[in-house]
Every structure is written in structure tokens, then in C-alpha cells.
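Residue numbers (this note's numbering), protein chains in the order written: chain A, 1 to 193; chain B, 1001 to 1178.
The hints are simulated quantities; they were obtained by calculation from the structure and are not laboratory data. It cannot be assumed that every hint is accurate.
Some chain B residues close to chain A (C-beta under 10 Å, calculated; not the full set) [unchecked claim]:
hint: 1; residue: GLY1018
hint: 2; residue: SER1022
hint: 3; residue: MET1051
hint: 4; residue: ARG1069
hint: 5; residue: SER1071
hint: 6; residue: GLN1074
hint: 7; residue: PRO1090
hint: 8; residue: LYS1093
hint: 9; residue: ILE1095
hint: 10; residue: GLN1098
hint: 11; residue: ASP1119
hint: 12; residue: TYR1121
hint: 13; residue: ALA1122
hint: 14; residue: VAL1124
hint: 15; residue: MET1125
hint: 16; residue: GLU1175
Yeah, the Cβ is synthetic: ideal placement off N, Cα and C, and Gly gets one too.
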Amino acid sequence: MSASSLIEAVQARFPSAVTASHAYRGDATVILRRELLLEVARTLKDDPAFLMNFLMDLTAVDFSTFGLTASPAFFASSGVAVSPSSQIPDQDPWPGPPGTARFVVVYHFFSLPLKHRLRVEVPVDEADAEVDSLSSLWPGADWLEREVWDMFGIRFRGHQNLKRILMYDEFTGHPLRKDYPVNRRQPLIGPMN
Amino acid sequence: MPGTTARSIGSELSSEAGFVTSRLEEAIGWARKYSIFQYPFVTACCGMEYMATACSHYDVDRFGAGLPRFSPRQADVLFVVGTISHKMAPVLKRIYDQMAEPKWVVSFGVCTCTGGFYDNYATVMGIDTIMPVDVYIPGCPPRPEYVLDGLLKLQAKMEAQHASGRRPIAELRPEVNL
């Protein structure tokens, strides 16, 4: 399925769950309401029209400082385009950050039999940072969700073992949150430097 | 013992009777610097350069350091090769504590020397904040020639220290409240 027809198929199946969508150069993205994530994910995995049996990635984005400062153009001098080329029209552009929600949990699904992929984004508020766990559907989600919990402090309802995976138990806070100072260290031994 | 070698450690060859005299500490220091049993504590990309140095092209065995031991209790020199995270630091310290005296520590690569380009929540800003270091080999990663130069400096240090194995205390860094 192409990106646009994949988005249309998901929208037709779950008109109340999909709040927005966009596609950029063949990469389809749908933005879902949090309450219906588990139901949509189950259909994406098992329905013969989708068969998304591979959870390629699961991560999160903290949008709390998005747009406050100009982003550095890391590749401006290297000749790599930093903004979408006008030669390739962006028909269905990114709608921007998710309004009032601070976090977005991002899922990348791929169908090995049908060879199509879909990105699913779920906006999450800071006050109630919790989404349903997908570890019952894709066992590989187990460690990825633990990483998101460790780095961003987003909880996953129904996860069997939601504890830190990268940082040590004594660590406090979630280091990839934008309000975690970039060089605050919490050494187990040795001086604070 | 060949005469040239005996002179190099400061002893005098006595006629043709087949024995030499030397100061014991010098003889021990000379022996130690050519029998370096290293413990490679390899955590990151510097390990590739460590392997390049250890293999036949650069042949670290020319300096008597060709036999790594993977037990700290059998090792003399701790090669800390690669970035050390705060999660890893207690493990590294324990490895160091398990080594028998005399022991030396080589800081291999800029991440172990100073933290390198990492300045974040995860990385130890130089292993000399948690243990004494004898030789620093910066570089990202250091070339094998640079590593061999560091190894020669370590040999000089081993020889000069004789049997004592004493080191200067690591420089303490000021505490910073963040």
C-alpha cells in the first residue's frame, strides 16, 4: 500500500481515532488519540489489510522547548538540504507540534509480508503521561517502553516490568526531558564534577 | 644474561665468570617493564585501535605486553579503553581494587582521560576522578604509534619506580554544584 492509501485505510477503519495525518516522501504518519491506541495497534498487527508484524522502533519526543530557539543548521555547510527542497513538493506537510501535549510517543510499524510502513504518533500530556503498553502484542516493545520510561518518564499501562533499563536505579529524573540540565551528573562513585 | 642488557640496567659485568651484580630494585624494575600483563577494560570504539596495536602489524609483544589477562588478579596494568559511564564506574573501580600490587593504570583515549566530547548525564569526566592514572594516551582514538609511545612511557615509569609500585596521588578536581 502506498503512503496515502495506507493513511486512508486507517482513517476509514478508525475515523474517531485518527486526529491528523501527514505524508512526506512516502513516509505515512497518523496521529492517534491515546485511548484507542491499543485497539488500533491490534488491528494493524492482525488485520490482513495491514499485517504490521514488525515493531521497528518505539520512542518519544519532548516538545516542551520546541520552537523557542532557532535550531542550528548542522548540515548547512555540507551541502545536505536542511529544509524540504522546493523541487520535491511536500503535498501533505507536517502539521507541527501536538498543541498542548508535551510529549509524543512515536511508533514505527513495518509489514514484512506487505512491505509497507506506518508511523503512529500519540500525543501525551505531562500531567497524565501514560499510554497503553504494546508489549502484549509485540514482545519487542518491552525494552523499548522501558527505555522511554527511563529517558522521558512516560508510563506504559499494562507493562509487566516497567523499570529503568539504561540508567541505574539510584538515578533520579529522566535525562532526555528538556528540563533535565544537559550536564547534571549523578555519579555513583567519585566526585560531582 | 647478555652484557649489553646487563649494562643497560646499571650493573657491571664481572670478568668472564658468568655472573653480574646489580641493585635488586633495578633488576626487578627491568624485569617488570618487559612482562606487562595487561587487563584490557574495553568499552567503546577505542577498542578497535587497541586491537590494531595488539595485533601483528604493530606487535605490542615486542615490548613484552603481548599477553592480556582477563582476570584482574593476574594483571599488572589496567588498560581502560573507551568511554566510562557512571553506571560502569563502580565496576571499573572494583576491577582496579581486585588487582594485586604493584599495579598501573593506562587511560586509553580522550574519553577516559577527560570525558572527551561528552558533557552529559551519563559519562564520567575522566577516570582519574575515581582511580589514580599512570599514563594518559589521549586521541579519538589514538593511533597505534601513539599507544606504543604511551607504553614506552609506562615502561620508563615502571623501571624508575623499581619494586615499590607507588604512584603520585591523582589530582583532585574541585567539586562543582550543579
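| request: Return the numbers of the hints above that this structure violates; sort them in rising order. | output: 1, 2, 3, 4, 5, 6, 9, 10
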